[in-house]
Structures are given as structure tokens and as C-alpha cells.
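Please put together the full structure from these sequences, using the hints given.
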Amino acid sequence: MTQTTDAAAAVAATPPAQRPRIHRAWFVAAVTFVTIIGAAAFRSLPGLLIDPLHQEFDWSRGTISAAVSINLALYGLTAPFAAALMDRFGIRRVVAVALTVIALGSGSTVWMTSAWQLMLCWGLLVGLGAGSMALAFAATVTNRWFTERRGLVSGILTAASASGQLIFLPLLSWIVSEYQWRPAAVTVALAALVVVPFVWLLLRDHPADVGLKPYGAKEFVPKPAPVPGAARRAVKVLLSAMRTGPFWLLAGTFAICGASTNGLIQTHFIPAAHDHGVPVTAAASLLAVIGVFDVLGTIASGWLTDRFESRRLLAVYYAFRGVSLLFLPMLLALVSSGVHLPMVFFVVLYGLDWVATVPPTMALCREHYGDDSAIVFGWVLASHQVGAALVAFLGGVARDVFGTYDMVWYASGALCAAAALMALVIRRRTAPVTRAP
Numbered sequence: 000m001t002q003t004t005d006a007a008a009a010v011a012a013t014p015p016a017q018r019p020r021i022h023r024a025w026f027v028a029a030v031t032f033v034t035i036i037g038a039a040a041f042r043s044l045p046g047l048l049i050d051p052l053h054q055e056f057d058w059s060r061g062t063i064s065a066a067v068s069i070n071l072a073l074y075g076l077t078a079p080f081a082a083a084l085m086d087r088f089g090i091r092r093v094v095a096v097a098l099t100v101i102a103l104g105s106g107s108t109v110w111m112t113s114a115w116q117l118m119l120c121w122g123l124l125v126g127l128g129a130g131s132m133a134l135a136f137a138a139t140v141t142n143r144w145f146t147e148r149r150g151l152v153s154g155i156l157t158a159a160s161a162s163g164q165l166i167f168l169p170l171l172s173w174i175v176s177e178y179q180w181r182p183a184a185v186t187v188a189l190a191a192l193v194v195v196p197f198v199w200l201l202l203r204d205h206p207a208d209v210g211l212k213p214y215g216a217k218e219f220v221p222k223p224a225p226v227p228g229a230a231r232r233a234v235k236v237l238l239s240a241m242r243t244g245p246f247w248l249l250a251g252t253f254a255i256c257g258a259s260t261n262g263l264i265q266t267h268f269i270p271a272a273h274d275h276g277v278p279v280t281a282a283a284s285l286l287a288v289i290g291v292f293d294v295l296g297t298i299a300s301g302w303l304t305d306r307f308e309s310r311r312l313l314a315v316y317y318a319f320r321g322v323s324l325l326f327l328p329m330l331l332a333l334v335s336s337g338v339h340l341p342m343v344f345f346v347v348l349y350g351l352d353w354v355a356t357v358p359p360t361m362a363l364c365r366e367h368y369g370d371d372s373a374i375v376f377g378w379v380l381a382s383h384q385v386g387a388a389l390v391a392f393l394g395g396v397a398r399d400v401f402g403t404y405d406m407v408w409y410a411s412g413a414l415c416a417a418a419a420l421m422a423l424v425i426r427r428r429t430a431p432v433t434r435a436p
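Residues 0 to 436 (numbering that gives the first Met the number 0) make up the sequence shown, in order.
Simulated from the structure, these hints should not be mistaken for laboratory data.
Each statement offered as a hint is correct.
Okay, the calculated beta carbon distance ranges per label pair:
| hint | residue 1 | residue 2 | range |
| --- | --- | --- | --- |
| 1 | G244 | M329 | 34 to 44 Å |
| 2 | D57 | V209 | 53 to 63 Å |
| 3 | F401 | Y178 | 25 to 35 Å |
| 4 | R426 | R231 | 28 to 38 Å |
Computed from a predicted model, the values in this text were never measured in an experiment.
Quick reminder that beta carbons are idealized off the backbone N, C-alpha and C, glycines included.
Below, the structure written as C-alpha cells:
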């Protein structure tokens, strides 16, 4: 027997320690929350880059949106492999490397002079690093450290991204307005680097590492041995999930979710508001307010997911989002006329709904795919980001061709209505699930 196997067996045999007053799982969740906040800086920047890069380099909005599109697509496509890598090498190592890659990609943009360099630095490097920091990270932590309160914890960790947007978006918009875009890119790089020591020193891969049971578990759970062949396993889980109907419905609804949030509002809301005479800093502040209510909505959604059927929650969330988008062109026209109250109403509603879809989607992945749910959710997240990438690119092209974003708002509203119907079609799972061979 190899030395590695002996060490794994020793860890597995470690007896559980006496349960502390505050379970260690909550500290791990807190570190994860702070980590996601630090990494969220990169998500606040794309919408702020479009106009400055267009003015400085004379690149079309479609070209700039293509780089954002690559970033969003890789953010999703990397996630399932990152979840498998966390099973192989541990959460700490994967997340620390991912944050370093984000810092390298964002910091390198200050020297770029050609569009291909934007696609390499912001599209490829930041996209790969961000994908390893995607919601699959939150799903992995939730699945390993919690057996109770999973919906609430997944909602809190999902809200961390919105909290990061709330913290960084006003700051980055002020930096872009006062000092141009390069200092903002450096700020993103530094924010990612600052979090690395917290991850390395405070995050732990599994409750068994500190001799504890997962929160709410009745029995001690030994730490599983490292799973080799991360890429092969991620593909096997995908092929297994693709043979089931719920996977395609979850992937389809989440693709529409990404199209209507990251791809549409996060990327194009600021330039669209600017088209109607709203200053960039004011538009960024509106987007930050969406982040405020996103935090509230996501935590509330996690609480609701522990108590109500996830399919019905998803249908309600997508229906409200679709209605909001259909009214957005009219609201932007009112803003250009000086009427701001209806836009505030939209910001509140859209914020509450922004990523409220994540906790019930995670819950449905756990319900249908058991131990493989983190990897399956990674693939579902990949569809989310592919949808976001497609609309991020098409939104920029539509603005170049038609001179307005109205068509994009209407089309996205119709897609959200379709997602609401798709969510209701997902069947309920009654039989137990085990890890795919």
C-alpha cells in the first residue's frame, strides 16, 4: 500500500472531535464568503470598460463584447472541471491558484494595445481563473460542510458575489471616471491577490481535516481519498447527466438566467443608461443598488428553498424577471426625461430576482444527482455562462447595428417567460441517488 493511501486511511480514521459551540462549518462558510467577495471585483468591471475602450482604441462595441463573451463562456465551462479538481487537489489549492490567475490577467491589461490582447488577458486568463471561483466553489463547500441549512448557506454564498459588486462597482466606476480604466484593472488584480492568504491560512477542504462532522450530520464522515482523473470524471458525470431530462431543463433555464443577468444587465445596462443621458457613475450606482437587493433576495431564496418546492420557486423568479425586462425600455425613456422613481422600482425588483434562481437550482441538482451534484451544477453553470456570453456579444452587435438596446430587452423578456414554463416541467425525484461510476 502506498504512503498516500496510508495517509488517507489515517485521516479517515481520525475520530471526531467534540463539537464546538459554533460549528467550524460556519467559519469555513465565512471565509468562502469573503473569498467570493474579493473575486467579485472582476465581475464589476466589464460594463465599465466598453465605452472607455471604444473611445481610446476605437474598437467596436461588438469587438469589446466578444472579449467579455469569452470571459463569460470560460467562467462557466471551467466550473465543472474546477469542481473535479477540488476533489483531486483540494479546495485551498485550486482557489488560491485561480485568484492568482485572475490577478495576472487583470493586471496585464494595462499594457495592451490590440484587441487580441484584451481577449487573451481579460477573456482567457480572467475567464479561466474566474471559472474556478464560480458557484461550483460555493456548491462544493456547501455539500462537504453542511447537511442541514444547505439552502440558506448556498443563498448566503451566492449573495457574496452581489456583495462584491456592491463594494467594488461604485469604487471602480469612480476610478474609471477620474483616472481612466487602467487603475481600475489594477484594483481588480490587487483585490484578488489580497484574498489569497485568507484562503491558504483559514480555508479547510473537509470537516474530517479538523476531526468534525459536517454541520447537522449525525455521524462522522471520513474524508474521501483524492479522486484522480479530474477532467475524465467531469466528462463522465456530464455524459451520465445528459441522459436525463432534468439536466437539459436545468441547463436551459440557467442559460436564460445567465443571458438575462450577466450577459445583459451586468454587461450592457451601464452603456444603455448612458445612451439615455445617465452619467456612468449614476448608472453604476443603480447597478450597485441591484447588488444590495440581490443580497437580500438570494438569502431569502435560500431560506425559501429549504421550505418550498424548488421548481415552483424558479417559475415565479423567471416570470417576474421577464416582466421587468419588458418594461425596461419604457423606464429608460422616462429616465432620459428626468423621471427616476420607476427605474428605482425596477432596480429593487430586478435585484431581488438577480441570482435568486441559484439556491433552488442547486437544490434540484442535489435532488437528482446526489454526490455528483457539484459537478453537475458546474455543467449547468456552464450553460448559464454560455447564455451570458452569447447575449453579451449579441447585445453589443445589436447596439452597433440598431443604435439601441430595445430589441435585446424584449427578446430577453420573452426568453424568461419560456424559462418559467421549463422550470415547471422538471419532474420530482423520489429514488435515492449515488455517485456516477
